[in-house]
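Engineer: Here's the letter readout for the chains.
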Amino acid sequence: MKRLLLIAACAATFLLGGAELPTIYLAGDSTVCDYPAERAPMTGWGQALKDFCKPGVTVVNLAAGGRSTKSFQTEGRWKKLVDSLKSGDYVFIQFGHNDQKKNVPKLYAAADTDYRANLEKFIADVRAKKATPILCTPVSRRHFSSNGEFRPSLGRYPEVVRKTARAQHVALIDLTDFTEKLFRAAGPEDSQKYLTIVAPGEYPGYPKGTKDNTHYSRLGATTIAREVVRSAREQRLPVSECFVNIK
Amino acid sequence: MDAPSFIAAAPGERIVTRSPREALAEEFRRRGPGRVIAFTGRRSAELCGGIGLLEEAAERAGCELIRFSRIEPEPVVATVETMCALIREKKPCAVVALGGGSVMDAAKAACLAAQSGWPLAEHFGVNRYSDCHPEARLDRVICIPTTSGTGSEATPYSNIVDPAQKVKKLIAERFIVPELALLVPELTHSMPPAVTRATGCDALAHAIEGFLNVGADGNHPAANEWALESIRLITEHLPRAIAAGDDAAARRAMSFAATLGGMVIRFKSTGLPHLASFSWFGRLEHGIAVAMLLPACWRYYLGNPAVVARTMQLSPLFPGNTPEEVIASFRHFLDSVGVPAALRDCPGITQELLEETARSGAQNKMKLENAPRPVPVAESERILSAILQQTREGDPQ
Numbered sequence: 000m001k002r003l004l005l006i007a008a009c010a011a012t013f014l015l016g017g018a019e020l021p022t023i024y025l026a027g028d029s030t031v032c033d034y035p036a037e038r039a040p041m042t043g044w045g046q047a048l049k050d051f052c053k054p055g056v057t058v059v060n061l062a063a064g065g066r067s068t069k070s071f072q073t074e075g076r077w078k079k080l081v082d083s084l085k086s087g088d089y090v091f092i093q094f095g096h097n098d099q100k101k102n103v104p105k106l107y108a109a110a111d112t113d114y115r116a117n118l119e120k121f122i123a124d125v126r127a128k129k130a131t132p133i134l135c136t137p138v139s140r141r142h143f144s145s146n147g148e149f150r151p152s153l154g155r156y157p158e159v160v161r162k163t164a165r166a167q168h169v170a171l172i173d174l175t176d177f178t179e180k181l182f183r184a185a186g187p188e189d190s191q192k193y194l195t196i197v198a199p200g201e202y203p204g205y206p207k208g209t210k211d212n213t214h215y216s217r218l219g220a221t222t223i224a225r226e227v228v229r230s231a232r233e234q235r236l237p238v239s240e241c242f243v244n245i246k
Numbered sequence: 000m001d002a003p004s005f006i007a008a009a010p011g012e013r014i015v016t017r018s019p020r021e022a023l024a025e026e027f028r029r030r031g032p033g034r035v036i037a038f039t040g041r042r043s044a045e046l047c048g049g050i051g052l053l054e055e056a057a058e059r060a061g062c063e064l065i066r067f068s069r070i071e072p073e074p075v076v077a078t079v080e081t082m083c084a085l086i087r088e089k090k091p092c093a094v095v096a097l098g099g100g101s102v103m104d105a106a107k108a109a110c111l112a113a114q115s116g117w118p119l120a121e122h123f124g125v126n127r128y129s130d131c132h133p134e135a136r137l138d139r140v141i142c143i144p145t146t147s148g149t150g151s152e153a154t155p156y157s158n159i160v161d162p163a164q165k166v167k168k169l170i171a172e173r174f175i176v177p178e179l180a181l182l183v184p185e186l187t188h189s190m191p192p193a194v195t196r197a198t199g200c201d202a203l204a205h206a207i208e209g210f211l212n213v214g215a216d217g218n219h220p221a222a223n224e225w226a227l228e229s230i231r232l233i234t235e236h237l238p239r240a241i242a243a244g245d246d247a248a249a250r251r252a253m254s255f256a257a258t259l260g261g262m263v264i265r266f267k268s269t270g271l272p273h274l275a276s277f278s279w280f281g282r283l284e285h286g287i288a289v290a291m292l293l294p295a296c297w298r299y300y301l302g303n304p305a306v307v308a309r310t311m312q313l314s315p316l317f318p319g320n321t322p323e324e325v326i327a328s329f330r331h332f333l334d335s336v337g338v339p340a341a342l343r344d345c346p347g348i349t350q351e352l353l354e355e356t357a358r359s360g361a362q363n364k365m366k367l368e369n370a371p372r373p374v375p376v377a378e379s380e381r382i383l384s385a386i387l388q389q390t391r392e393g394d395p396q
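Line by line, the protein sequences give chains A and B. Note that numbering that gives the first Met the number 0 gives residue 240 to position 241 of the first sequence, counting from 1, and the numbers run on in steps of one. Note that numbering that gives the first Met the number 0 gives residue 79 to position 80 of the second sequence, counting from 1, and the numbers run on in steps of one.
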């Protein structure tokens, strides 16, 4: 009897479409990666994205601090990601901050040549596994001039991501544009809340305080993750199936 | 006093004043079946009889009651993290705080962190979680106060001590305002006179500080009425509650007044007395400290003409023909309930502590700027120092 019930349950699951839920992978740098509690409030947006996923959706955040499109491959991280992929999975890709570092050869990837080629390889590899790549332009640093004007600092990298997405017909989430607008709207003072800018003693991990204009706070990372979800829904991207409804 | 069966500061919230036993059992039934975690004081829950109330309600609703009572008088981060881990492990259908401000504050913080998944440190500040996830629906703690002072059952606040830095840190989070609180004045009868005095003074300071916060008048249309009613009830009933703990009418009035005080500071935050005494935990009872600091802070506030007018609205309760006389009258009331006249009479409050308090005040920019008469950050040390020295020496009149 028990066995019969088990078979019936399996059949019901199959007929009702109980297929394995997709996994979301993240490939990126320190603005995307997970941080341990002692680094709070520093938060990567990939870490915050988990808060917007439906129960049962797995998020594998392979992003790591200090990585570029180049070092992510040479260290074997990309291979690990591709080897794990299954059909129907999604891969968010966001690099640029470290690709910019001309004086660090193991990281540097020129925007219009190596960086673009690396992105194209990532897209091809993901598609070969019948998974879906989604490109993200890199989130902005928080730089203001002395007269309070916002200063972009990512050079041509965001534009190359946009061009690559168009050429390869890959979904794009423009986080450079989003974060630049976010900072411009907030201004030099209020925009601090989005970054890891903390007073001495405010957080146990920073007894002397810190003023980090690159790495986001919990609020900043969550705001970006929310934008990823919102934009995916607005563009009707299939990855939206993984996300909960937000206002 | 004829209190309504429940009061509410916002839709979806209830502070039940009648038939609390039935309300609690009903709430457990609604949330259950499952486990109920009760956070309580170490001994006060037995002394006041509150644990019996919980057991009865849990039994009636068919819920399993799990009790945690290792909460210090000034709860520390590690304790809240332990409580948080317990909630995560037991996955209760309801979390109840039965105790004074410490128990309620710790439970509110633990319940928040258990659901957010964040380290506790990330919640210190203003609306840290709800600003990130405004659409979230978190389970709230059911609060049953056993003192009449903190008003925590009606506020978005939780004060937790960080022993490493020797400071009390504040969580102000709209998602932790209890949706259900039960006022059971009988549970406060066992409070000794000293606790009654200190907690009652805290409630009075909440109501007055909120009432004087003229800059926040627009936050809730009824908040000043709540404040006036709270002050009236406390001035009338605190002396009786101190003199006779089993004076049921006085206890009932104090219970109601303290909750009103909490409702007031939810919308009209406290000012300089709370700022100045934030790091005095363990040295002087919080309620006594804020009440003692209030006259000197109040005199400073009089530099704002709106506070002068507001002060005179209190003359029926603290008789006086001038604002200074009203403040002096308030100090006379404190004398009448046994609050020390000067900080120099309080052994825990040293001159060094006062100097450090004046220096560190600048770190709380928000409270300085939002004071009824704002304190320029650059001048905060001088102004706070003057207030603290006045309070150290006592009322000049």
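None of these hints come from the bench; they were simulated from the model. Accuracy of the hints is not assured; some may be wrong.
Stated by the list, open to error - Here are the simulated DSS-like cross-link-like pairs (lysine-lysine), alpha carbons at most 27 angstroms apart as the crow flies: (1) Lys90(B) / Lys207(A); (2) Lys210(A) / Lys167(B); (3) Lys180(A) / Lys207(A); (4) Lys89(B) / Lys207(A); (5) Lys366(B) / Lys162(A); (6) Lys89(B) / Lys192(A); (7) Lys165(B) / Lys192(A); (8) Lys168(B) / Lys210(A); (9) Lys180(A) / Lys165(B); (10) Lys89(B) / Lys49(A).
Said to hold, decoys possible - Computed far set for chain A versus chain B, every beta-carbon distance over 12 angstroms: (11) Arg38; (12) Thr57; (13) Gly154; (14) Pro199; (15) Glu201; (16) Ala220; (17) Thr221; (18) Thr222; (19) Arg235; (20) Val243.
Note that beta-carbon positions come from the ideal geometry of N, C-alpha and C, so glycine has one too.
Engineer: Does each hint fit the structure? Answer for all of them.
Structural biologist: Hints, verified against the model:
no.	hint	in the structure
1	Lys90(B) / Lys207(A)	violated, 37 angstroms
2	Lys210(A) / Lys167(B)	holds, 24 angstroms
3	Lys180(A) / Lys207(A)	violated, 30 angstroms
4	Lys89(B) / Lys207(A)	violated, 37 angstroms
5	Lys366(B) / Lys162(A)	violated, 49 angstroms
6	Lys89(B) / Lys192(A)	violated, 34 angstroms
7	Lys165(B) / Lys192(A)	holds, 25 angstroms
8	Lys168(B) / Lys210(A)	holds, 21 angstroms
9	Lys180(A) / Lys165(B)	violated, 40 angstroms
10	Lys89(B) / Lys49(A)	holds, 23 angstroms
11	Arg38	violated, 10 angstroms
12	Thr57	holds, 16 angstroms
13	Gly154	holds, 30 angstroms
14	Pro199	violated, 9 angstroms
15	Glu201	violated, 8 angstroms
16	Ala220	violated, 9 angstroms
17	Thr221	violated, 4 angstroms
18	Thr222	violated, 8 angstroms
19	Arg235	holds, 21 angstroms
20	Val243	violated, 9 angstroms
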